[in-house]
Amino acid sequence: MDELEILKRDWKNKEHSFKRISEKEIYAMLHKRSSSIVKWILVISIAEVLFWTTISILTADDDYFKTLKTYHLNTILPIISAVNYAVLIGFIYLFYKNYRMINAIDTVKQLMISILKTRKTVQYYVWYNLAMVFFSFILVFSFQFMYDPKINELLDSFSQNGGNSKTFYFFIFAIYFVVAIVFVGLIWLFYRLLYGILLKRLYNNYKELKKIDL
Amino acid sequence: MKSSEEKEFVSQLEENQNIIHKICRLYTTDEDAHKDLFQEITIQLWKAYPNFRGDSKFTTWAYRVGLNTAITLYRKKKKAIDTIEFDGSYHKVKQEDYNFEEEEQLKLLYGAISELNDIEKALVFLYLEDKDYTEISETLGISEVNARVKMNRVKGKLKKILNP
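Chains as they are written, first to last, in the numbering used here: chain U, 52 to 265; chain L, 7 to 170.
By construction, these hints were calculated from the structure, which means they are not laboratory data.
Incorrect hints may have been included.
What the hints assert, rightly or not - SDA-like cross-link-like pairs, simulated, lysine to any residue; straight-line CA separation at most 25 Å:
1) U:LYS75 <-> U:LYS59
2) U:LYS258 <-> U:ILE127
3) U:LYS258 <-> L:LYS8
4) L:LYS137 <-> L:PRO170
5) U:LYS90 <-> L:ALA54
6) L:LYS53 <-> U:TYR78
7) U:LYS90 <-> L:ASP124
8) L:LYS53 <-> U:TYR220
9) L:LYS82 <-> U:LEU265
10) L:LYS8 <-> U:SER86
11) L:LYS82 <-> U:PHE221
12) L:LYS127 <-> U:VAL94
13) U:LYS251 <-> U:TYR78
14) U:LYS83 <-> L:LYS53
What the hints assert, rightly or not - Ranges of calculated distance between the beta carbons of each label pair, as one might list FRET restraints:
15) L:LEU168 <-> U:ARG84: 37 to 45 Å
16) U:LYS258 <-> L:LEU168: 50 to 58 Å
17) L:ASP138 <-> U:ILE131: 33 to 41 Å
Stated by the list, open to error - If you want the ones that stay clear, here's a sample from chain U, every Cβ over 10 Å from chain L, calculated:
18) ILE57
19) ARG84
20) PHE222
For clarity, every value in this text was computed on a predicted model and none was experimentally measured.
By construction, the Cβ of each residue, glycine as well, lies at the ideal position given by its N, Cα and C atoms.
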């Protein structure tokens, strides 16, 4: 007899060896929370937006507005914030739409494609956030550089001590750049870990399926 | 409040629960994970139930949602313990069926299956369930020819383990 036939026979023999789940237990399960990855993507993205919103509300005290005024950022920054929130709401809407589009009765491949579409949206979201962070850094730095009295004092004392102002600019910009890169890098790493862990298995399975169905 | 829809669903699921148990058996290695996956499949089936219009059999539909959940949607709680040998001990075996040599072979086979990737497991599952290639291709969303080619490869892989 074929080895695989033995396996099939055994498989069928054991068909009724499972501990049966009662109707009552099934009812209980219907009201438990799902832990599907799609739901996780949705939950994490909403949590993230809430987190950043809370942070920005908590830090916006009088000092903050005064600083904005000194940097001449008090008109441009609220506009950027408004645009930013509009874009974020758009992303949340897309996440939700993707979430609704995902249907467990699709074929395995179609389901994976729908979820990977969600992943694409997540990726755009990540890129958008990183670009925004980098842009904000550069903006705040440049305005600080132009208007912060402390920077001007520093430059003055530097030149008085016989320093070259070119060297000064170079150092300041090098520091700005490194700080911006490190900051963006850390956020990038965070996203990679978060969504990487979440989607690694799905991605591997999708690759496997594509390999079969070339 | 239990709606009539809910009642109908639960009784159909209770009746056909073996399908889900069998999927859990292939995709999990211990009883806790088995229960966990069973629950997730139940939730997904219930969520998709409004889309189930009865134009296909409940079982056909359960196969698809079950595999989709095991392969794609489900998040393992613990780190995968794929390397642990398949534990068949919690499946009762009738005394008269016991055959030492066969039992050894089966152990090897189940061990080998637990090492397969998620897609290969799905193929083995559909083979063990006597599904034809049309249904396999419709479940996985790949062409019949490719399903056949891959199935033969997986079968070969399993046979090779028994006859190295």
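*Okay, which hints does this one fail, numbers in order?*
1, 2, 3, 4, 8, 9, 11, 12, 13, 16, 17, 18 and 19
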